[in-house]
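Asker: Respectively, the protein sequence lines represent chains C and A.
First residue of the first sequence? That's 1 in my numbering, and the numbers climb one at a time after it.
First residue of the second sequence? That's 149 in my numbering, and the numbers climb one at a time after it.
Mixed in with the good hints, there may be bad ones.
Selected chain C positions facing chain A (Cβ under 8 angstroms, derived; list incomplete) [what the hints assert, rightly or not]:
#1 L19
#2 I37
#3 P46
#4 G74
#5 Q79
#6 W101
#7 G102
#8 L122
Each pair of labels, with its calculated beta carbon distance range [to be verified]:
#9 L142/C / T150/A: 49 to 55 angstroms
#10 A284/A / V72/C: 23 to 29 angstroms
#11 L234/A / T73/C: 18 to 24 angstroms
#12 G74/C / F281/A: 26 to 32 angstroms
Just so you know, these hints were derived from the structure itself, not from any lab.
What you are looking at is a predicted structure, and each value in this text was computed from that prediction instead of being measured.
From the three backbone atoms N, C-alpha and C, an ideal C-beta is built for every residue, glycine too.
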Amino acid sequence: MMVVATEFTPWASLIGGVLIGLSAVLVMTLFGRIAGIAGISTGALPGQREDWLWRLAFIAGLVAAPLLVQAVTGEPVAQTVSDNPVVMALAGLLVGFGTVWGSGCTSGHGVCGLARLSTRSLVATVTFLGTGVATVFVLRHLVAGIAS
Amino acid sequence: MTRALFGFAAGLLFGIGLVVSGMADPAKVLNFLDLFGAWDPSLAFVMGGAVVTAFVGYRLAWRREQPVLLPRFEIPSRVDLDTPLLTGAALFGVGWGLGGFCPGPAWTALPLLAPGTLVFVPAMLVGMGIASFLRAPPRSAKAPA
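Extracted from the complex, chain C is given alone in its bound form (with noise of 0.2 angstroms):
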């Protein structure tokens, strides 16, 4: 597993953060509803639920921002991310999966959840954090060290 160093973003991170927690309480505010990527994605098919069109509008939304921030900074957002086609498959899979079977993903249960108080958001939360540190560390630090 590669490990790419990356710079700690304190002010950035919390700015990132309000601004997520804004459009939380907008969704709120309009809708009524928790502000769940997971659950916004399995709503936003046509005839899933009634009212699917402002989730579709949500994810179209999600998918816009990068263009615009890059537009308006001039500058291209820096990421990395893996490329073994094997690992992002089964992540992926896992991470859906998973979410819509525990009801929740970082934003229904860890942001969302947590500021409604939920005990089963703050069980789920502690949950994936607790198996995506296993995770990382079997790979990063037992996996690798075997092979290294």
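Following the hints, put chain A in place on chain C, whose structure we already have.
Answerer: Just chain A now, with coordinates in the frame of chain C:
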């Protein structure tokens, strides 16, 4: 049309938040999860800013009788801790630790067209489809009563 317009605006705001916070970069997420290595605590600041803002904003929103664009608030009311909640969250965390993407950042990273993202997003949608089907099979798939 109004709903679609405001839905787009809310998604755009969310996505800008993800880009500004650095969470559209899986490397930052994986380094947050790497407590015993290249630890980058940024994600905790994203969560902190988002949760505090939503905590205050939700309480202001709930002063209204109903949301602005829909007839009623629909907020999860369950309090029980069931097995799917735990197994789902556990599996999600494993996938998160493998790829560094959760659903929001995966959507936002899509137009940057990294090969890994182009594999991840369709796989995520397949996973969501399987879980949705197993949770609530469509009427036609149910045994006749």
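Asker: Next, verify each hint and record whether it holds.
Answerer: Evaluated hints:
1. About 3 angstroms separates the beta-carbon of L19/C from the nearest beta-carbon of chain A, less than 8 angstroms, and the hint is met.
2. A cut of 8 angstroms between beta carbons decides the hint on I37/C: the least distance to chain A is about 4 angstroms, and the hint holds.
3. Of the supplied interface hints, the one on P46/C is violated, with its beta-carbon coming no nearer than about 13 angstroms to a beta-carbon of chain A, more than 8 angstroms.
4. Here the hint on G74/C is broken, as its CB sits about 14 angstroms from the closest CB of chain A, past 8 angstroms.
5. The beta carbon of Q79/C comes within 4 angstroms of a beta carbon in chain A, closer than 8 angstroms, and the hint placing it at the interface holds.
6. Annotation: W101/C was flagged as interfacial toward chain A, and the flag holds, the nearest CB pair being 3 angstroms apart, inside 8 angstroms.
7. This hint holds: G102/C has a C-beta 2 angstroms from the nearest C-beta of chain A, less than the 8 angstroms allowed.
8. Contact between L122/C and chain A, as hinted, is not supported at the beta carbon level, the nearest pair being about 10 angstroms apart and thus beyond 8 angstroms.
9. Checked against the hint of 49 to 55 angstroms, the C-beta distance between L142/C and T150/A comes to roughly 53 angstroms, which is consistent with it.
10. Taken as a hint, the range 23 to 29 angstroms is violated for the pair A284/A and V72/C, whose Cβ atoms sit roughly 41 angstroms apart.
11. At roughly 41 angstroms, the beta carbons of L234/A and T73/C sit outside the given window of 18 to 24 angstroms.
12. Hint check: G74/C to F281/A, Cβ distance near 44 angstroms, so the stated range 26 to 32 angstroms is violated.
In this structure, the hints that do not hold are numbers 3, 4, 8, 10, 11 and 12, in rising order.
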